[in-house]
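S.K.: Protein sequence lines correspond, in order, to chains Z and L.
Each residue of the first sequence is one higher than the last, beginning at 1 in my numbering.
Each residue of the second sequence is one higher than the last, beginning at 1 in my numbering.
This list has only true hints and no planted wrong ones.
Covered by chain Z, according to a simulated footprint, are these stretches of chain L (three or more residues, beta-carbon under 8 angstroms):
(1) 42-50
(2) 79-92
(3) 119-125
(4) 151-159
Since the hints were made in silico from the structure, they are not lab data.
Built from N, CA and C at the ideal position, the CB exists for glycine as well.
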Amino acid sequence: MILLKLFAAFARVGVLTFGGGYAMIPMLEREIVDRHGWATSEELMDYYAVGQCTPGVIAVNTATFIGYKTAGNIGGVVATLGVLFPSFVIISVIAGVLQNFADIPAVKSAFAGIRVCVCVLIFNSVLKLWKGAVKDKAALALCLLVFVLSVFFQISPVVFVLFCAAAGILFTKLGVRGK
Amino acid sequence: MKLLLTLFFEFFKTGLFAVGGGMATLPFLYDMSARHPDWFSTAQLADMIAVSESSPGPIGVNMATYVGFHTAGVLGGLVATLGLAAPSVIVILIVARVLRQFRSNEYVDAAFYGLRPCSVGLIAAAGLLVVKIALFRVDAFKASGALADLFDFKALILAAVLLVLTRAVKKTKGLHPIVFILASAAVGVLFSF
Numbered sequence: 001m002i003l004l005k006l007f008a009a010f011a012r013v014g015v016l017t018f019g020g021g022y023a024m025i026p027m028l029e030r031e032i033v034d035r036h037g038w039a040t041s042e043e044l045m046d047y048y049a050v051g052q053c054t055p056g057v058i059a060v061n062t063a064t065f066i067g068y069k070t071a072g073n074i075g076g077v078v079a080t081l082g083v084l085f086p087s088f089v090i091i092s093v094i095a096g097v098l099q100n101f102a103d104i105p106a107v108k109s110a111f112a113g114i115r116v117c118v119c120v121l122i123f124n125s126v127l128k129l130w131k132g133a134v135k136d137k138a139a140l141a142l143c144l145l146v147f148v149l150s151v152f153f154q155i156s157p158v159v160f161v162l163f164c165a166a167a168g169i170l171f172t173k174l175g176v177r178g179k
Numbered sequence: 001m002k003l004l005l006t007l008f009f010e011f012f013k014t015g016l017f018a019v020g021g022g023m024a025t026l027p028f029l030y031d032m033s034a035r036h037p038d039w040f041s042t043a044q045l046a047d048m049i050a051v052s053e054s055s056p057g058p059i060g061v062n063m064a065t066y067v068g069f070h071t072a073g074v075l076g077g078l079v080a081t082l083g084l085a086a087p088s089v090i091v092i093l094i095v096a097r098v099l100r101q102f103r104s105n106e107y108v109d110a111a112f113y114g115l116r117p118c119s120v121g122l123i124a125a126a127g128l129l130v131v132k133i134a135l136f137r138v139d140a141f142k143a144s145g146a147l148a149d150l151f152d153f154k155a156l157i158l159a160a161v162l163l164v165l166t167r168a169v170k171k172t173k174g175l176h177p178i179v180f181i182l183a184s185a186a187v188g189v190l191f192s193f
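Chain Z extracted, bound-state conformation:
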């Protein structure tokens, strides 16, 4: 029964979250803290913080965490499936519909306009992330290095991720962090 409730609660969070990340917090508060009392607000922020500093999509990480805390391993899996479910259904429907209309000239023009908007949205989210990520010279150097190399060379992002994790540890040990 608790598993069913977990699935439903996270499916609701999935449906009501546009964009993920911070947009998800008010929905989580309402479902997890107010409605079901599975966690306190403070615990929720802790889980969310862990969701941010583990690999993967933050929404999925947070769902797994709360599900696990509420009903063990199986709870973690069920909560995750819950948060994935609405995306899967809604996107499959939209993608199926759009595939049939993709060749209409008006649709092509609409998407050409939308692409311009996507540029601006990505630019804005880069600026936002930049503020939290690049706070000293070493971080600036890493960021620029990754940017330049990945613009000019076809290198897998995995390589950069592993390299930068190691560099982060090295820089911290060497004491160049925060300067």
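For this one, chain Z is given, so just place chain L on it according to the hints.
M.R.: Just chain L now, with coordinates in the frame of chain Z:
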């Protein structure tokens, strides 16, 4: 069957190495389109970003479902979505047991000090690819050699207007991205982009 397995593996990798949420999956998807050109093009990926931003659900998950669906139908969408989430579930179920040690571990903290700027650099580079197809006409420029052909002026004007509306104008900058996406679609149709 082989396609589904490859899809699962590609998205498992994305889920395991994409750090920083939302747009962090983007560089991995561009890398995917470069290595599997028959799956989807960079222009199609830009369209998928727009749809993912305008639909309910976390962007990263939406993108996985969309790319999977586009590549191998409903089953592809399912496989890609589960592939993306699988590493999260595994990692979190391990981390949850040692939460305190994990959060105060100096190595985890130090690794993320390096990972955050990495994520910004990767997303910015992926964004540049979208800029190239949305605001410029590299093919037309290469064909004619005339510098004026390089710029898509209509698109550049729209980008400038959107930049001002999303960053500078108090009344509009807090609006949800879906508003700007819909407005841009309308502009695209009206001015035949």
